[in-house]
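J.: Going line by line, the protein sequences match chains L and X. Number 138 in my numbering belongs to position 100 of the first sequence; there are no gaps in the numbering. Number 49 in my numbering belongs to position 46 of the second sequence; there are no gaps in the numbering.
Simulated from the structure, these hints should not be mistaken for laboratory data. Don't take every hint at face value.
[Said to hold, decoys possible] Simulated restraints on C-beta separations: (1) PRO218/X / THR247/L: 29 to 37 Å; (2) ASP281/L / PRO218/X: 39 to 47 Å; (3) LYS274/L / GLU219/X: 49 to 57 Å; (4) LEU199/L / ASN58/X: 50 to 58 Å.
Source: prediction; values computed, not measured. Just so you know, even glycine gets a beta-carbon here, dropped at the ideal spot from N, CA and C.
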Amino acid sequence: MSEMNLVSKGMTTCAGCPMELIGRAAVEVLGKNTITMTPPSCAAIITGNGDETGWGIPSIQTVLMSLPAFASGVSEALRVRGIDDVTVMGFAGDGGTFDIGLQSLSGAIERGHKALFICYNNEAYMNTGNQRSSATSLGAFTKTTPTGKKESSKNIDFMLLHQDLAYQATASIGDIQDFKRKVKKAKEVDGPSFIHVHAPCPSGWYFPTGQTIKVGRLAIESGLWQLWEKENGKIKINRKKFDLEKVNEYLSLQGRYKNVTDEVIEEIKKEVMRKYEVLKKFEELDFI
Amino acid sequence: MGDILALDGNAAIAYGVMKSKVELIAAYPITPQTPVVENLSSLIDRGEFDCGYINVESEHSALSALIGASATGVRTFTASASHGLALMHEVTGVASGSRLPIVMGVVSRALPSPCSLWCDHSDIMSERDQGWIQLFAKNPQEALDFIMIAYTVSEDERVLTPTMVDIDGFYVSHLTEPVNVPTDEEAGKFIGKFEPNNLILDVNNPYAINNLSSPEIFTEYKYSQKLGMDAALEVIEERFEKFNEVFGRKYSLVESYNTEDAETVIVCLGSMSGTVLHTVNELRKLGKKVGLVRVVSFRPFPKKALAAALKGINNVAVIDRISAVGSMGPLYEEVLSCMHQTDEGKKNVFSFVAGLGGRDINEKTVKSVFEYVDNANETGEKPTDTIWIDLKKE
């Protein structure tokens, strides 16, 4: 008999949902000795409704502002109880990580609790029906940026470079094996870790539900989403080859960029190169 | 019997926490609560108190962390005041709704605006409907004792409801008095090691806590919380009795003083009761039939005990330490609803506001309350609104 799925099948997430796949993949690696928490968000769909839950592991629904503080408490309580074989996994979107939850995240990392914070970034407040977040990309339509977002997304990864994370990585639904490898590393470190996962959302980005992985892969192949990790202060870029020309294909697949101008596309490409150049410089350093 | 130490209310709370064998604290400093967190940090640092301490970055995170910790099966504590308690508001409901026996010290300080550092009850009263037990201590000794009592009530399987132990900012928090601190052996006779009486986050028995709940079951969840809160009334009395057996200090849900033959009594909360008691003594010397009724447990509200305490008394003057703009003070409303429910007949119940933002409630204030009641009875002019008794006249 095969082992029980730690995330139930038949979740009521949208068709093609990347968040569900990310949650599944994470728990597959972390195993049953995991306590998870979700804010009220798309991830709360897994935590469930009434007497039903999608998690086969213990879970608690937090408030949007302070998931990392909840995780701090769980992590320290486990320490008090002498339990050292349980992983604490925070599972929040870009709203709960970049915006309303940022202070709490920063505090939890600074205090050094042993916990893994996974951010599935679908680049807007999707659970309330697609409103802009600070993670929304330049030019993207949301219901609160009807003519396209005028600002670039917050570079939370670079912000967190200056906090003492035991392990930090970017990942993507477009490369699940790479994500799983990173979750395994995060599980093994003694301290806070952060994995930021690109999560193309068919409902909010307006692409066919069968193309979630494809859109994720195109983001990697075009350089728009860069895969890297930081261990012991050293940055490693996981994939250096990308083709800027694929930016157009990535954008044209998604309805949210329907009205994007050529000027904005040029700016998006420039941004890719700027980020990459900085990342390369970081990689040259022995320690950051 | 214990050690007599000179402690202020804040330090007394810290000792109460230590004697309650708390396992994890998360707190953020705020005037006038700051010495609570400093005292606890020192006790832990000196190795006198074996306890985890999370130095969180906000009060919102303090209570959030404790919800996670309490749900993982450890005994927890935090303390706050004013802005800090208001910031926690979102999560106070999560703690009580998740039936977590967290205990919090509240060092009451006015909510803005304008900004104030000083005492009134606007902070804790804003939490009165959030499903927490609320005990008001009048001095440092009670602060220590109520913390220990709070854990034994909150953790009782009939209750499973968090508790706020309130002291008045500066009037109690910074008042130094001799406090009897129990030895560990004595404390052990009253409170044991924490054993969770509810579901916890356990990988061998997975549950989802605090998930989305539909209209189908939300009402029943809230009703079960109500049953827990109702049961607390009896459990608090049980624990008061046990506490008296072990330590010889007697407490009750409602404390009465000189009420037997009284014509007029003041009903109040917290530290002002000391001044009222003193003034009652002074007025009794002049032959005035006055008394004092102090409400110790504001949540659950002890309706029966209060009705019994006020039996046969014609004039009831309620002093609220919160402005309650737009209606009447919360304590006044409770007293009135209690009178109505217990069919105690027609009493004159007066609503007073005093002591806002740290204004001292002194003997003069209390006398003017009694005088106001006398005058109203003589002239037959009964007020229809709250009387701001210590408002400056010019």
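J.: Hint by hint, note whether the structure agrees.
T.: Hints and how they fare:
no. : hint                            : in the structure
1   : PRO218/X / THR247/L: 29 to 37 Å : holds, 30 Å
2   : ASP281/L / PRO218/X: 39 to 47 Å : violated, 52 Å
3   : LYS274/L / GLU219/X: 49 to 57 Å : holds, 51 Å
4   : LEU199/L / ASN58/X: 50 to 58 Å  : violated, 23 Å
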